[in-house]
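Work out the full structure: start from the sequences and follow the hints.
Residue numbers (the numbering used here), protein chains in the order written: chain D, 17 to 381; chain Y, 17 to 381; chain H, 17 to 381; chain B, 17 to 381; chain W, 17 to 381.
Derived by calculation from the structure, the hints in this document are not laboratory data.
Each hint should be verified, as a subset may be incorrect.
Intra- or inter-copy, both count: the list cannot distinguish identical chains.
What the hints assert, rightly or not - Keeping only pairs whose Cα atoms sit at most 20 angstroms apart, straight-line, the calculated EDC-like set for lysine to aspartate or glutamate is:
| hint | residue 1 | residue 2 |
| --- | --- | --- |
| 1 | Lys-378 | Glu-228 |
| 2 | Lys-105 | Asp-134 |
| 3 | Lys-172 | Glu-269 |
| 4 | Lys-105 | Asp-75 |
| 5 | Lys-253 | Asp-300 |
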Amino acid sequence: MPRKNSKRPMPRKKLLPKTSHKAGRAPGTMIHVGPPRETPVALLRMDYNSETLTALTPDPVDLCRPAPDATLVHWFHLDGVHDLPLLEKIGSIFDLHPLVLEDMVNTEHRPKLEDFEDYLFMVLKMLHLETESDIIRTEQVTLVLTRNTVLSLAEKPGPVFDSVRERLRNNKGRIRRRGADYLAYALIDAVVDSYFAILEQIGEQIEQLEDELVLRPAPETLNKIHHLKREMILLRKAVWPLRELIGGLQRMESPLIADSTGIFLRDVYDHTIQILDTVETFRDVLSGLLDLYLSSISNRMNEVMKVLTIIATIFIPLTFIAGIYGMNFEHMPELHWRWSYPLLLLLMLCASGGMFAFFRKKRWI
Amino acid sequence: MPRKNSKRPMPRKKLLPKTSHKAGRAPGTMIHVGPPRETPVALLRMDYNSETLTALTPDPVDLCRPAPDATLVHWFHLDGVHDLPLLEKIGSIFDLHPLVLEDMVNTEHRPKLEDFEDYLFMVLKMLHLETESDIIRTEQVTLVLTRNTVLSLAEKPGPVFDSVRERLRNNKGRIRRRGADYLAYALIDAVVDSYFAILEQIGEQIEQLEDELVLRPAPETLNKIHHLKREMILLRKAVWPLRELIGGLQRMESPLIADSTGIFLRDVYDHTIQILDTVETFRDVLSGLLDLYLSSISNRMNEVMKVLTIIATIFIPLTFIAGIYGMNFEHMPELHWRWSYPLLLLLMLCASGGMFAFFRKKRWI
Amino acid sequence: MPRKNSKRPMPRKKLLPKTSHKAGRAPGTMIHVGPPRETPVALLRMDYNSETLTALTPDPVDLCRPAPDATLVHWFHLDGVHDLPLLEKIGSIFDLHPLVLEDMVNTEHRPKLEDFEDYLFMVLKMLHLETESDIIRTEQVTLVLTRNTVLSLAEKPGPVFDSVRERLRNNKGRIRRRGADYLAYALIDAVVDSYFAILEQIGEQIEQLEDELVLRPAPETLNKIHHLKREMILLRKAVWPLRELIGGLQRMESPLIADSTGIFLRDVYDHTIQILDTVETFRDVLSGLLDLYLSSISNRMNEVMKVLTIIATIFIPLTFIAGIYGMNFEHMPELHWRWSYPLLLLLMLCASGGMFAFFRKKRWI
Amino acid sequence: MPRKNSKRPMPRKKLLPKTSHKAGRAPGTMIHVGPPRETPVALLRMDYNSETLTALTPDPVDLCRPAPDATLVHWFHLDGVHDLPLLEKIGSIFDLHPLVLEDMVNTEHRPKLEDFEDYLFMVLKMLHLETESDIIRTEQVTLVLTRNTVLSLAEKPGPVFDSVRERLRNNKGRIRRRGADYLAYALIDAVVDSYFAILEQIGEQIEQLEDELVLRPAPETLNKIHHLKREMILLRKAVWPLRELIGGLQRMESPLIADSTGIFLRDVYDHTIQILDTVETFRDVLSGLLDLYLSSISNRMNEVMKVLTIIATIFIPLTFIAGIYGMNFEHMPELHWRWSYPLLLLLMLCASGGMFAFFRKKRWI
Amino acid sequence: MPRKNSKRPMPRKKLLPKTSHKAGRAPGTMIHVGPPRETPVALLRMDYNSETLTALTPDPVDLCRPAPDATLVHWFHLDGVHDLPLLEKIGSIFDLHPLVLEDMVNTEHRPKLEDFEDYLFMVLKMLHLETESDIIRTEQVTLVLTRNTVLSLAEKPGPVFDSVRERLRNNKGRIRRRGADYLAYALIDAVVDSYFAILEQIGEQIEQLEDELVLRPAPETLNKIHHLKREMILLRKAVWPLRELIGGLQRMESPLIADSTGIFLRDVYDHTIQILDTVETFRDVLSGLLDLYLSSISNRMNEVMKVLTIIATIFIPLTFIAGIYGMNFEHMPELHWRWSYPLLLLLMLCASGGMFAFFRKKRWI
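In structure tokens, the structure reads:
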């Protein structure tokens, strides 16, 4: 990596997104918080049971709430949360609390689980690693689970739920035979899986750093360690509430969640614990790497200093002696002796040899 | 930043305010603790329900307790807590416990929630960042919530509750349709929002520091990191009890708080957790910055040392050789040879070239 | 501060007081542990209710237990715990458990609360800062609370309970109108107040250190930081059990403590939490100061090294060149050229200018 | 150890194994995760009670579920989990939940305990230390415990359960007299014992490092410390869930576990706590070693610097003086004095002696 | 301390004793783990009540279980646990669980408390500090408490229980008037007291180190700090389970423990907490000492560097100037001027004075 690059601040995620413009507004007021988006919001509806599946992209105008005790499971998915009128319509159709709507459009909300008896509301964070900048980007996903309907909202179109859709279409696994709670679980599972992908990529980067540290520690290595530590701090901040959320979901005694779904929730809960473990492990390893880096810098400096000391310690006294006989005093008898020059050279040789032996004994060389 | 400035101690918040002059007084004695204030205390009263709203600045003399089962919500707000007679009058009107009055005038109290059955008493801290000195100032706000009345006291006039007042006046949101507990929630929410504003500003300062560290680390950077770490320590000390307070309020089974207000309290509780998370994150990032700074200082020193070593290691031996032939011995045959000077120069060139190659191989250059 | 002083070990508190001579004794054996005291033990008795107050210094011989359901509150206070016969007499009068007596005379006991149904026994620590040595001294206070009597023992005469006595005498506040439990609370409150005084003084010392660090870091600063960190470690060790004690007292469902005293205990409990918070804050700030100190030492060394490097790097090569033309070879044509001397001087000037510019570019100067 | 070796990255365990290819699959889908294995899966069946024991390697085709209330205990053991059809057959015979089968073949699962009422399912990790590379390898073991049957699966053939088999064959101890729950305990105990072996080896390596640090600290020592710290981090990550698992097993009120087995489970639980304690101790000791290493590097550098300083400080001024009298000015009266040369030598001797004494006094030599 | 000593590895306690040879054995198998012992096992029996006391050294052949409801308390004490046949006999007489016997002979067991309804089984660790090597040695003590009998086993003869024996013989305190549970408490108390003795000695060593650090920090100091930190790590590992044990004993609702013994157990529990507090305090202080040591090394190096820099910075340029006028150019007009030599000397004096003043201003001197 060229040295100049290391002097440019790395691109990085904001420590805290701008939310203060919310200050002073009435709670329950819908204000879209997040990067402005131009693309229109896409609505996708799937109705299925073990026999049939219908996928449609309904016109928001015709949107109405499905009958609660139908034999079908209904999945409404929105790509985009910036169309406030549409969301308000959805809110009135599904009879959502104003705070739910507010949280849906505030894409900087902390993951949480809220039980409104008639429905469960969840805020989740999806992660993906921007390849060119190595920044972890988060995307908010909100879920509403009622008796036979799941409503999911993502910030923008993406491939995360594709696998769920495909399993639904191909009737793979048990997803079509189960209720809305299993669909919600499948969506949460897809979100949690996105964390593993990130951790794997970061794990590889850490291992590369470990090799780099042993082979050729450079000042850039330090910046990379700092960058990764920072990512770990932000990641941990994201995973902790997720673990709480899924733990709460699993312990919750809601009629909306069938007992048979419990074991799957426990499974995804295990995954979040594994993620947390891994994040902690990475932090510990990164701290170790920092220590290793600093120590290797120390070691290297030590080596450099030793060379300087040895050269200087050997030659400075010799130079002094040469200086003595370079003086122009009239009365310096040694200058006129026949063998004083070769004798002096010999003496210098012995002195430097002696010092060399001394350093050797001190294990400095 | 000029270097001299870095030698002046930064202005900063006191670690512990003077409270020892309280020692030995009888508990329940009202003593104003805090900076002395000259401005007269302003009293503001608002009576409202969903239909009507009256705002008045009553004469303390006429002050009396509103009827408990009126259909109106009453909000008494005091800007200033240094008028002890007025407070004592309020205390007797609202039948407040002497310890409550004592806590109201001691502006250095820890945030807390006290349930007196007839009323709830809360001590909160409001924050704002003094722009010129980057110091976080705290201001104490106390709330008393009875069945249909909220009594709020601030240390001095300020804009924090303006947004609540405006929503009341404009009948925006649901505030006018709800009881005194919702008003109390709205006030707490306004206080918590003031924390986000602070955190955002600090977040930006940290990011500036990160850039500064990469581009041009300077000794002042260190002082700034220390200053911010110190602020984080004091901030965390302020937020923890706030979180306890709101958590307690949310779990509390008081008839003074309607069930429907619970979800709003949970929302503001989520905010305090988010604040705590952010404070922890900032602390971790600042610790990382300190490491980064120290490492970059080490790196830089290492680089400087390497240059010194290389120059010294190359020239010290050469100077010694030159010194040898600068000696004035009579019998130095080399001095008289025809080619000894150019040969010596060549030898010196080779020696320095060899050392240069050696350093290169050792990756010191 | 003169440098020699920094070489003398600072006076400091023992990490662990001598208690091993207790090993092997039967539990419940009274052995006075603590510095030997010469002064005779002073006994003070106060009997009061809201109307009357009698203060007397009774002769230990006449000591007898007050009637349990009298309308008076009785306060026995002992200054000094080294008079074992007197204590044994008190023990038999108040029917105290042998372990209580043992704990009363062992002045190195950990703060604790013991419920003997008929009475509560408390061990507390009072603090004061020795001004000349900056050492925190602890003094043990033990309290026995029965239905209408408080028995308090201090290690030596001191002013801590003077404020309580004065409030009793002057009938200030509500102390005379309340029972023995309130008196016990008042005594505990006086003890806890002594902690605030210490913390304030230490807070000021820390702030002085912060200024010192910025203006003129010296090796003594390090010793002071270490000294304060050590005090904080020992202080925290003292405050934690105090917090437990008061927390236990507050949660305790003892008939000896009236419900109306609960709020006062909660208040003093809040104070201990505030003390703990402050101790933690001080520790964090001191850790930060240590980092700051070490970094500023690094910085300073860096600066020193840079000057050395620059001077050496500029002059060592020039000296070498001068050395070349100081050689006494017969055949050095440059020596005889007309302009070689001024040209060489010019060359040297350019070389040093070039190096200076290089250093400047590298931001080393 | 030759220096070049230290520049090769050490072989090490992956921080996070590849699992992301699982993303998007339906939960309950069996996908073998782990290194591909060629060897065929070996099935071993033992049926025993206190009188008889039959060991057979059944043909998977004939596999059927043993009668639940037989008087025999049945142990099925599989070496290898990559034969999915066989596992599916086993799953249908023992009526296992699809998630259990999925966890059996995913060899990167976190240790866990799942209660399916009819049977208990456990995922365990076995450890062994690769001798040539000092890497801790983990192998997954899964157990299913039903009323009278234990089903155990290991990733590959190994000696870990040999001791259990031998005790069964030789009717040693109480294993033959007890039920399937005791067999399960014996297997868990064998797994936990494998941890002690690892810890012992690592303990010895740490002690070797301690000796190495005192006798001849080298840059390789640092890499070894880092390697061991990393292992400890990964080991702790493995042991925590194991402790939870066994703790859960011990607290579980399942009819599958006899009361008399409880004490043995408590015993193995004590072992896991001891393992955790030891891992923590090792981490603390390793941190201490790192500090020690860095400090000894500092010390050594200090010593080197002192030599340089003393030599340079003594000879640089002397060389300067010699340089003065090597100048070729016409008018330098000293040059012509009779005793100036010996006097100058004497002066130089005194100066260097004085400086030497000064350094001695400063305790630099 | 001579320098060579510091290069010999200090003797130290093993981090983990050899226990892996246990792997694979059947649980409940008695295998003596610990240093082999030659001395025969000594058995001592005391039968006492408040009136009579009989002490005998019974022949193991005649050993039989005392009647459970006798009016006497029986104390069997074994010095040595390596006589397996004797222990087996005791096991069958007292009807002990095989795991208890196994734990009795495994001297590396973790402290624990096991309730077998008929009896309580405890494993404790006694400590003593080997004076010549400063290593904390642990010795295992196991206790079995039945209704009227205490069975205690120590690894080897020692003075720890002498004080208990003496109190029994001399009928000192209340020990003879109380039951077997009080005897068990007295033994535990004696064990816990041995910890205080250790902590006191270590406390003194730490204080010596603090003095040493201020007066004459030496590389050996570092090794001592490391040694003490290591001891603290191992000590903490020993005390935590002891605290759990005594805490469990105190909370236990066993008919074997009289209510009146509860307060004594609480007392000894307080002692273990005090021990833990002290261990933590020592660790914190030792960490502080390490920081202090490293900082003082830094400081010292800084001072050394400053001297080098000042000397070099002053003399290197002067030497260069002298070198200039030592050149042998033919045409150097200055060489022939009358006052150039004294003027140059003056110039050099001014330059060095100027630099000295500059350093002074920079506070480097």
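Here's how the hints hold up against the structure:
1. Lys-378 / Glu-228: Result: close only across copies, 16 angstroms inter versus 32 angstroms intra.
2. Lys-105 / Asp-134: For Lys-105 and Asp-134, the Cα distance is within 20 angstroms only inside one copy (18 angstroms; across copies 42 angstroms).
3. Lys-172 / Glu-269: Neither. Shortest intra-copy (32 angstroms) and inter-copy (41 angstroms) distances fail the 20 angstroms Cα cut-off.
4. Lys-105 / Asp-75: within (12 angstroms within a copy, 49 angstroms between copies)
5. Lys-253 / Asp-300: Both. Shortest intra-copy (16 angstroms) and inter-copy (11 angstroms) distances satisfy the 20 angstroms Cα cut-off.
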